[in-house]
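Peer 1: Here are the chains, one letter per residue:
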Amino acid sequence: MRRKSVAVITSLGLAAMMVSGYGATPSFAASPSHVIPLKDITIGYSVSTLQNQFFVGLTQGVEREAKALGVHLIFDSANGSPGTQLNQVEEMVSQHVNAIILNPIDANGITPAVEQANRANIPVITLDRTAFGGKIASFVRVSSMQMAQAAGQWLANQLKARYGSYRGNVVDLEGLMSTSPGQARQKGFMDIMKKYPNIHVVATLPGNFDQSQAYNMMTDAIRANSGKQIDGVFNANDDNSIGAERAIAAAGLSYPASSRKHIFVTGMDGTSQGLAAIKSGSQDMTVAQNPMKEAEAAVQMAVEKIEGKSIPANVRWPHMLITAHNINSAAVKSYGLWSLDLNNPKIGNIPNMNSLPIYTASGHVAGSYTPLYHAVKK
Amino acid sequence: MNQVNDGTTAIPGTVGGRSSRESWWKRAIRTRYWPIVLALVLLSGYFSLTTQYFLSFNNLVTILSQVSVLGIAAVGETMVILLAGIDLSVGAVIAVAGVLSASWALNGAPVPIAMLGAVGIGLAIGVINGTFTYIWRMASFIVTLAMMSFASGMALIVTNGSTVFGFPNSFNVLGSATIGGIPVSVGILVLVFVLGHLVLRYTSFGRQVYAVGGNVSAARLSGVNVVGVGIVVFAISGGLAGLASIIEVGRLASAIPIAGQDLALSTIAAVIIGGTSLFGGVGTLPGTALGVLLIGVLNNGLAISNVSAFWDQAIQGIVIFVAVAIDAWVQRRFGARS
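These protein sequence lines are chains A and B, in that order.
Counted the way this note's numbering counts, the first sequence spans residues 1 to 378.
Counted the way this note's numbering counts, the second sequence spans residues 1 to 338.
Calculated directly from the structure, the hints in this document are not laboratory data.
Ideal Cβ positions, reconstructed from N, Cα and C, are used throughout, including at glycine.
One or more of the hints may lead you astray.
As the list claims (entries may be wrong) - Facing chain B, according to a computed beta carbon distance under 8 Å, are these residues of chain A, among others:
(1) ASN52
(2) ASN216
(3) MET217
(4) THR219
(5) SER226
(6) GLN229
(7) ILE242
(8) ARG246
(9) SER272
(10) GLN273
(11) LEU342
Could you put the whole structure together from the sequences, leaning on the hints where they help?
Peer 2: Structure below.
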């Protein structure tokens, strides 16, 4: 463990220097007004739950980056309970951590804790989900709505290619609608479907981000529509898609992508199982995000903020559309397949801050954010 | 205990004298199943009016395969509740037995061994539950609650929160294969129910379960090995959950560390809907089968008729409540007479 972390620190340190272009001479180190040594920094991190690969990815990103930078990390999982999370963040405030990275369960419920942190002058960075109240130093996430729009548009394009116009029958397997990603993804998909009145959403059913539930719902959707051809399935994540694929196979409706009877299956997040399904041909695409890199960026920004630098208030990490055609491409490799790096101790973290896009509220790129690390002394 | 459980009416064999000569359906109508049967008939009628595909043989088979995991777990749960106990760990057993056995298969263990391993994990957990409940005299609610938490945690620890997949396809036989159009999982479900019913109704072990659940002291005084019966029943519940885990994994060709999260409550609901008393000693497996079917028909019918997800849950609550409320009313009103 210890040896590995040294290797990670070394590689990151080198990479960071290359990124910022200062080579081996840290000439910049003298200029900052106040610099807290990294070893004296403590960052609190509260994650909503660890019962899902995605949040494990976020957490590994935070842990790796904290270890790489050599800062202390106080890490808590709220296990899905908003009350627990509130307590955890309050404890972090009373321990006077230097910054808090927060992945809230409930955007409203966590607000009192954010306000407490604000009063104690502890910067709060929200990761993947945000808080509706209090002052947030930065919100780092991939837009679930834009991901769903990308998947919906891709599906519509396949139907256009099949029929010559935007028409056909699709099934919508929603995520867990009590969560913000569940709602945002459903809205994003329906935004696209509203553009194409001849693409019929023949069933909207709760897949609940749960393979077993999605399997049952897709089986029922196939049964309820046994008279007509289903052309595609929109899935709110890669667990829904795996369940849908099993149901399609069990119903004897698996056809190769070249066949006109093929049911296009979309996914989201890019879990290792989703990627394996794309390689095997049972799933057509997924809209991947990279929680590990997002989380690494959040830690880096927390350190920047602690060191007195200004950080972007709004970071929308880009998503990546992955199909069988590009899954081995250089573009996908450089974006990073987080789920394959998960639990792989050989892979250190990837420096990612050389060109962090800054998005406006409407989703346009307003520039890029580069000057990270440059004054931080190890 | 309440007057229904006075030790005689509780034991089917002794109710028998008169009723065992009647055919089973007459007995079912005369006793307590009809509110649930009525709910099933009304719901099926409604769903077959709204969607033409509901009332088909294929859909019936689909419903049965969808409830196979729930149903198999509910057989064990029925026996535990007959003892006036509760087993909250069934869902967690499904998670931990599923991920462990699947990862053994993934790492090259022969598939039959891995499958036996899943049942073995369930049995072991059940024996632990039973031992602490009956030898250490801890409340089964707390023992199995702690076990639920521990087993769910272990499932996450061994997988690091990730799904296990890519194991040999032969592991999926129980969950995915069909024989003559009938899923293997449905065959196992029916088999487990029939065997369980025979054991409860026609063996001395079955009669001992009712005796212990009806009145522990009376059972002990009449020479029943209460501790032995208790441990065996919890072992059956755990072992059946282990068996169900193989089906759950096979349906999806994936072992998910958070599988079965809400399953404990659903199985308890199915058992109680089916007329088994939480106070022990009263209840049958055909009743549980009706409870399982009611939950399955509701899920399937609501999905097929495309009701929104939020209404789904609310309607399920209403239907279950009304069915059980009518049942309670019938019991209060006419229960004493039969």
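Peer 1: Per the CB criterion, is GLN229(A) less than 8 Å away from chain B?
Peer 2: It is violated, given that the least Cβ distance between GLN229(A) and chain B is near 15 Å, above 8 Å.
Peer 1: Can the hint on MET217(A) be confirmed by a CB-to-CB distance to chain B that is less than 8 Å?
Peer 2: Nearest chain B Cβ about 6 Å off; hint holds.
Peer 1: Does ASN52(A) meet its interface restraint, that is, does its C-beta lie within less than 8 Å of any C-beta in chain B?
Peer 2: 7 Å, holds
Peer 1: Close enough to count: is the Cβ of ASN216(A) nearer than 8 Å to one in chain B?
Peer 2: Given a least distance of 5 Å, the restraint on ASN216(A) holds.
Peer 1: Answer holds if the nearest beta-carbon of chain B is closer than 8 Å to that of ILE242(A); otherwise answer violated.
Peer 2: Since chain B brings a Cβ to about 6 Å from ILE242(A), closer than 8 Å, the hint holds.
Peer 1: With chain B as the partner, please determine if LEU342(A) meets the hint condition of a C-beta pair closer than 8 Å.
Peer 2: 7 Å, holds
Peer 1: Would you settle whether the hint for SER272(A) is holds or violated, based on the nearest Cβ-Cβ distance to chain B being less than 8 Å?
Peer 2: Holds: closest Cβ of chain B sits about 7 Å from SER272(A), inside 8 Å.
Peer 1: For the hint on THR219(A), does the least C-beta distance to chain B fall short of 8 Å?
Peer 2: 6 Å, holds
Peer 1: Mind checking the CB of ARG246(A) against every CB in chain B and telling me if the closest is under 8 Å?
Peer 2: With a closest approach of 5 Å, the ARG246(A) hint holds.
Peer 1: Can the hint on GLN273(A) be confirmed by a CB-to-CB distance to chain B that is less than 8 Å?
Peer 2: For GLN273(A), the interface hint holds, since the closest Cβ of chain B sits about 5 Å away, which is under 8 Å.
Peer 1: Would the stated hint for SER226(A) survive a check requiring a Cβ distance to chain B of less than 8 Å?
Peer 2: Constraint on SER226(A) satisfied, holds at 6 Å.
When each numbered hint is compared with the structure, a violation occurs for hint 6 only.
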